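**Student:** Here's the letter readout for the chains.
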Amino acid sequence: MNGLTILVVDDDPVIRRLLEQRLLKENYKVLLAEDGSKGNETLSSNHIDVVLTDLMMPGEIGGIEVLEFAKGLDRNIEVILITAHSSVDTAVEAMKKGASDYLEKPVNFTELFLRLQKISTMRGLLRNAEDLRQAMDVTENTAAETIQNLEIVAATLQTRLDNVESILTSDTMVSEDKVADALNIILNWE
Amino acid sequence: MLKITAEELQIISQYIHEISGIYLDQSKSYLFETRLSSIAEELGCTSYRELYNKAKIDPAKKIERQIIDAISTNETLFFRDSGPFELLRHKILPEIIDLRTPHSPRLKTNIKIWSAASSTGQELYSVAMTIRELIGTQLDNFTFKLLGTDISDGAITQASYGKYNKFEIERGLARQTLQKHFTLFGDSWKVKDELRSMVNFRKLNLMLPFAGLGKFDIILCRNVAIYFTLDDRKKLFNKIADNLTDDGYLIIGSTESLTGICPRFVPKRHLRSIFYQKKIEVL
Numbered sequence: 001m002n003g004l005t006i007l008v009v010d011d012d013p014v015i016r017r018l019l020e021q022r023l024l025k026e027n028y029k030v031l032l033a034e035d036g037s038k039g040n041e042t043l044s045s046n047h048i049d050v051v052l053t054d055l056m057m058p059g060e061i062g063g064i065e066v067l068e069f070a071k072g073l074d075r076n077i078e079v080i081l082i083t084a085h086s087s088v089d090t091a092v093e094a095m096k097k098g099a100s101d102y103l104e105k106p107v108n109f110t111e112l113f114l115r116l117q118k119i120s121t122m123r124g125l126l127r128n129a130e131d132l133r134q135a136m137d138v139t140e141n142t143a144a145e146t147i148q149n150l151e152i153v154a155a156t157l158q159t160r161l162d163n164v165e166s167i168l169t170s171d172t173m174v175s176e177d178k179v180a181d182a183l184n185i186i187l188n189w190e
Numbered sequence: 001m002l003k004i005t006a007e008e009l010q011i012i013s014q015y016i017h018e019i020s021g022i023y024l025d026q027s028k029s030y031l032f033e034t035r036l037s038s039i040a041e042e043l044g045c046t047s048y049r050e051l052y053n054k055a056k057i058d059p060a061k062k063i064e065r066q067i068i069d070a071i072s073t074n075e076t077l078f079f080r081d082s083g084p085f086e087l088l089r090h091k092i093l094p095e096i097i098d099l100r101t102p103h104s105p106r107l108k109t110n111i112k113i114w115s116a117a118s119s120t121g122q123e124l125y126s127v128a129m130t131i132r133e134l135i136g137t138q139l140d141n142f143t144f145k146l147l148g149t150d151i152s153d154g155a156i157t158q159a160s161y162g163k164y165n166k167f168e169i170e171r172g173l174a175r176q177t178l179q180k181h182f183t184l185f186g187d188s189w190k191v192k193d194e195l196r197s198m199v200n201f202r203k204l205n206l207m208l209p210f211a212g213l214g215k216f217d218i219i220l221c222r223n224v225a226i227y228f229t230l231d232d233r234k235k236l237f238n239k240i241a242d243n244l245t246d247d248g249y250l251i252i253g254s255t256e257s258l259t260g261i262c263p264r265f266v267p268k269r270h271l272r273s274i275f276y277q278k279k280i281e282v283l
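Sequence order for the protein chains is A and B. Last residue of the first sequence: 190 (the working numbering), numbering continuous. Last residue of the second sequence: 283 (the working numbering), numbering continuous.
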């Protein structure tokens, strides 16, 4: 398993089949949808990492709408658009809406696998950063508790030491009383 | 990536300490390389010694600023660690408001707050949001002066602008708070004017004298002294004590301690958090 679940949305059954075969061969998990609305349905009911969608599809829901739906569902879903050379401008617009990338038809598989590999690596790094952040939070909270307790203990001890000092250096008491009072403070430390 | 030599490590580490107070462990050469190599390469330097020489003679101090921006850590987020903000809301702000409210109802309550290492502004804006949530419609009766200072020009610029990308916003801010205090600005979020008008940001090197800062009722100095040497930390908190009113409040980072650093402060506990006040001098 390559770790990523990929949804292929394309109205052309030949391209759909081709993409499925090549992706399966690379050990990706693949789901298929024959149009935009089926694509959105699949997105709603499955955990998808990457959507590979045709930009132009018949019906009301095209690639851009699939992109918007996916991003609305979960910002972390990556969307790669497949486009004819003539629609490159639209694809660039789509990038502004959050598409990770676009590929021109006919799909160059080396290029596709390279991009998927990049997405996979990036996800691993993000996951790692998130784990580190959580580990840091736990460490920080535990350390904070210990340090703050010690801070109060140190301050309490300091106050008592100051009291002992002021008793021992007092000019108004006789030595026996000084020692007795100082001892009293020391012995009554918790 | 440009490699740093042992001799350069010593020079650069000393230079960074001089210009920023930040003490970087010389055994971590990768830290210097990852943060400074792009500046060196951009300036066409073939060594860190050359970068140092260029920075020293740069009259506009642009290279120095770039180095400070690259070295200083700007890991921050809105309401980072909820403790201090709970503390402000339930203990410190109500107390200081009581103390500072004048007898005459016609006079305003003046309160000055300082975020000593404000980074890109999230901490100070979080304080401002806490104040607004606490005081609500009564804000006209108060004059809050919130100052944020930082050593990094880049951080001060972003803080002053008050614009944050989705990634910066999503960490720490609840949806409701976000919509109340921010407006969508293209792909980013911008602090609303009423919040922005409560705060001011300016550059300050904590190692230098705090000339003309005045006294504050509340000072936050969280997670910055950890980058300083013990000696510099002592100096810093001593100066902070000078700039805090006698009944003022100091909040430091949750894993920081002032034991053995500044005997002028005493720690006090409120629920699960700690704040510091100046020790009352017995004459």
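Hints listed in this document are in silico derivations from the structure and should not be mistaken for laboratory results. Here the structure is a predicted model, which means the values were calculated and not measured. By construction, the Cβ of each residue, glycine as well, lies at the ideal position given by its N, Cα and C atoms. Check the hints yourself; a few may be wrong.
[Stated by the list, open to error] Distance condition first, Cα-Cα at most 27 Å in a straight line; then the derived DSSO-like pairs of lysine-lysine: (1) A:K118 with B:K203; (2) B:K163 with A:K97; (3) B:K192 with A:K97; (4) B:K268 with B:K62; (5) B:K278 with B:K215.
[Unchecked claim] Non-contacting residues of chain B with respect to chain A, defined by C-beta distances greater than 10 Å in every case (computed): (6) S29; (7) R65; (8) T101; (9) K108; (10) I111; (11) Q138; (12) T143; (13) R196; (14) C221; (15) K235; (16) P267.
[To be verified] Across the chosen pairs, the derived CB separations fall in these ranges: (17) A:R160 with B:K235: 24 to 32 Å; (18) A:M173 with B:E281: 52 to 60 Å; (19) A:G3 with B:G44: 37 to 45 Å; (20) B:G260 with A:G3: 47 to 55 Å; (21) A:S45 with B:K180: 29 to 37 Å; (22) A:R133 with B:D25: 20 to 28 Å; (23) A:T159 with B:P209: 30 to 38 Å; (24) B:L208 with A:N46: 52 to 60 Å; (25) B:F185 with A:N46: 28 to 36 Å; (26) A:V174 with B:G260: 44 to 52 Å; (27) A:R123 with B:I135: 37 to 45 Å.
**Student:** If a hint holds in the structure, say so; if it doesn't, say that too.
**Tutor:** Hints versus structure:
no.	hint	result
1	A:K118 with B:K203	violated (40 Å)
2	B:K163 with A:K97	holds (20 Å)
3	B:K192 with A:K97	holds (25 Å)
4	B:K268 with B:K62	violated (43 Å)
5	B:K278 with B:K215	holds (13 Å)
6	S29	holds (22 Å)
7	R65	holds (28 Å)
8	T101	holds (30 Å)
9	K108	holds (35 Å)
10	I111	holds (26 Å)
11	Q138	holds (32 Å)
12	T143	holds (33 Å)
13	R196	holds (27 Å)
14	C221	holds (15 Å)
15	K235	holds (20 Å)
16	P267	violated (5 Å)
17	A:R160 with B:K235: 24 to 32 Å	holds (28 Å)
18	A:M173 with B:E281: 52 to 60 Å	violated (23 Å)
19	A:G3 with B:G44: 37 to 45 Å	holds (42 Å)
20	B:G260 with A:G3: 47 to 55 Å	holds (50 Å)
21	A:S45 with B:K180: 29 to 37 Å	holds (35 Å)
22	A:R133 with B:D25: 20 to 28 Å	holds (22 Å)
23	A:T159 with B:P209: 30 to 38 Å	holds (32 Å)
24	B:L208 with A:N46: 52 to 60 Å	holds (59 Å)
25	B:F185 with A:N46: 28 to 36 Å	holds (34 Å)
26	A:V174 with B:G260: 44 to 52 Å	violated (35 Å)
27	A:R123 with B:I135: 37 to 45 Å	holds (44 Å)
Hint check: violations occur at hints 1, 4, 16, 18, 26; the rest are consistent with the structure.
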